[in-house]
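Visitor: Oh and the sequence shown: position 239 is 339 in the working numbering, straight run, nothing missing.
Treat the hints loosely; a few may be bogus.
[To be verified] Here are the computed lysine to aspartate or glutamate pairs in the EDC-like style, where the Cα-Cα straight-line distance is at most 20 Å:
1. 186 to 290
2. 416 to 444
3. 416 to 334
4. 411 to 210
[Said to hold, decoys possible] Taking CB as the label site, the calculated pair distances span:
5. 583 to 505: 24 to 32 Å
6. 214 to 599: 52 to 60 Å
7. 587 to 505: 37 to 45 Å
8. 373 to 599: 20 to 28 Å
9. 478 to 381: 36 to 44 Å
10. 292 to 393: 49 to 57 Å
Calculated directly from the structure, the hints in this document are not laboratory data. Each residue gets a CB set at the ideal place from its N, CA and C atoms; glycine is no exception.
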Amino acid sequence: MNHLFHSAARAAAAVIFCSNRMHAAAAVLAGAIALSLAGCENSTAPASAQSRASAASAPAATSASAPASGAQAGGDAYDVGKMDFKTPPAALSSERHTGAFAIGSALNMEAALKPLDPAPVKEIRLDTTHKIIEIAPGVKYSAWTFGDQVPGPAVRARVGDRIKFTMTNRSDEPMPGVRITSAPMMHSMDFHSAMVAPNDKYRSIAPGQTISFEFTLNYPGVFMYHCGTPMVLEHIASGMYGMMIVEPRGGYPTKADREYMVVQSEFYTRLDPDKRKIDGAPLYVLDGERVRTKSPTYTVFNGRYNGMVDKPLQAKPGERVRLFVMNVGPSNTSSFHVVGTIFDRVWIDGNPDNQFRGMQTVLLGSSGGAIVEFIIPEAGNYAMVDHHFANASQGAIGIIAAGAAPGSDTEHHNIPATAAPTDPAAMKAKLAFESKCLACHSIAGGDKVGPDLYGVTKRHDNAWLTRWLKSPEQMLQSDPTAKVLLEKWKLPMPNQGLSDEEIKQYLAYFKWADQNLQPQGKSQPQPSAPGTSRPPGQTPSGSATTSMTGPGQATSAMGGMPMPGGTPSGTAGMPSPIPNPGGMGQPR
């Protein structure tokens with residue numbers, strides 16, 4: 101306690117020396133309150149919890165050119181007496197806009213963010229549309245959008261800027277090249293960054309109507325925007341959301357080399373009951389039952405399953421990367437994590453005054469946002485994941501490519517080996533393969549620790565493969581082919597203790613892959629011929645302890661088993677729902 105008192109006294113003295121008397125008095129009062137609270141909690145709170153609380157309350161380190169939002173010269177940045185709450189009534193008209201769906205210099209259409217537009221008044225247009233989007237390879241989904249994309253364009257502004265917003269409901273317009281969309285309906289816009297009367301500014305408008313309103317940004321942060329028309333749950337789940345970044349009036353306290361937007365969201369899909377198709381592919385629509393029970397089929401970054409695995413974010417060793425992260429839900433939480441680094445700074449809700457240092461993971465509820473900064477320590481591929489791994493296995497994965505050596509491979513978290521076979525025996529073996537073998541092998545994804553197993557049934561007959569899977573250690577002593585494989589790959593395959601039935605299932609899976617996969621590249625999962633894999637709308641049940649509800653939900657392997665194989669390669673394909681392996685152990 102004596103130590104706390106002297107620390108508080110020294111802090112108060114420093115404040116008095118550096119500030120005028122009025123501000124010093126306020127600081128001393130705040131310090132006294134904090135000291136009192138610390139004294140009350142000292143007997144029960146662990147030291148680590150106290151240090152985290154101190155980090156949360158302490159403002160970010162500042163520079164002369166970029167003070168933190170709450171540490172600006174001129175007083176309290178959150179003085180409500182200086183905030184602008186004056187907004188004219190929203191204007192509603194029947195004037196239909198027919199130009200671009202998204203207009204404004206403050207808009208960002210891609211993950212890589214543009215610098216802040218310095219103009220103090222920002223005019224933006226985000227029209228609503230109904231269109232078909234592709235949320236995974238071959239998965240066409242009937243979506244509702246802002247600005248004709250999912251997520252909607254990111255808006256970038258700063259505290260004090262005036263936002264002049266316009267939106268036309270164009271849900272009744274046919275999209276070019278698209279024959280099937282949802283029926284036109286009412287839509288609206290809800291900006292979490294605004295302080296306005298919702299009944300005026302956020303009212304729903306009919307197809308063909310246009311609404312305009314304006315507001316001033318009073319707080320910094322990473323804010324969600326979304327449609328607020330009932331049922332809000334279904335409008336967000338259909339794609340009507342986006343991010344608004346509001347910088348502190350004086351900018352951020354650090355300088356970043358790269359800035360990216362990462363929006364996590366959930367899709368709840370089912371096959372169209374009318375069995376309609378888009379360019380030969382089945383149409384998927386919103387599953388009302390799933391969305392009400394929080395059982396998504398996809399959880400994704402920036403609107404697409406494994407989209408930032410296929411197109412990684414770019415960085416270089418030694419660079420400071422700043423990610424603007426938001427979980428729009430609509431219903432589940434996110435534990436955002438970047439494998440291989442530590443968040444040097446985390447600004448909860450995107451406000452530098454809400455700072456944590458040295459964090460491993462950021463927990464974000466629905467509509468929660470944060471800015472995370474970290475250093476790329478060395479050349480490599482750094483995986484971004486939702487550490488709720490059931491979500492990662494549904495597509496909430498991305499890669500930051502930072503100069504990894506050519507041919508090096510990132511062990512992607514929970515990315516399945518292939519699409520899920522319709523054959524039950526092959527499906528069981530797929531789950532076992534992903535639990536036991538995926539760390540060492542791919543199927544049409546290239547060699548790893550062991551060989552690529554695509555084409556293995558064409559190089560070895562069933563009798564040889566059965567003996568190999570049953571007793572690899574005996575084969576290595578007597579079989580010439582097995583000895584050649586050991587000489588090449590160096591690591592012997594451990595005996596997995598497979599039963600005769602399990603071996604038959606493995607053979608069924610390998611045969612299914614050799615007959616039905618259609619490789620085009622090296623990333624996984626590989627696509628298969630139409631009709632040979634399970635559609636995402638079909639969800640097998642998991643074990644008694646885990647219900648797997650979406651694509652790619654088997655745990656990625658931590659062990660492996662080098663096996664005989666070949667070298668062909670493949671491409672990313674349609675994900676599939678995968679149940680829990682249920683009792684299949686991992687090798688040591």
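Visitor: If a hint holds in the structure, say so; if it does not, say that too.
Guide: Now the hints, each set against the structure:
Simply put, residue 186 and residue 290 have alpha-carbon atoms about 18 Å apart, close enough for the 20 Å limit, and the pair holds. Straight-line distance between C-alpha atoms of residue 416 and residue 444 comes to about 17 Å, which keeps the hinted pair within the 20 Å bound. Of the pairs offered as hints, the one joining residue 416 and residue 334 is violated, with about 40 Å between alpha carbons and a cut-off of 20 Å exceeded. Our distance criterion of 20 Å between C-alpha atoms is met by residue 411 and residue 210, whose separation comes to about 12 Å.
Remark: the range hint 24 to 32 Å for residue 583 to residue 505 is upheld by a beta-carbon distance near 31 Å. One distance hint, 52 to 60 Å for the beta-carbon pair residue 214 and residue 599, holds here, with the actual separation near 58 Å. In this structure the hint that residue 587 and residue 505 lie 37 to 45 Å apart at CB is violated, the actual value being about 25 Å. Checked against the hint of 20 to 28 Å, the pair residue 373 and residue 599 fails, with Cβ atoms roughly 41 Å apart.
Between residue 478 and residue 381, the C-beta spacing of about 41 Å keeps the proposed range 36 to 44 Å intact. Between residue 292 and residue 393 the CB atoms are about 26 Å apart, so this pair departs from the stated range of 49 to 57 Å.
Violated hints, listed in ascending order, are 3, 7, 8, 10; each of the other numbered hints is respected by the structure.
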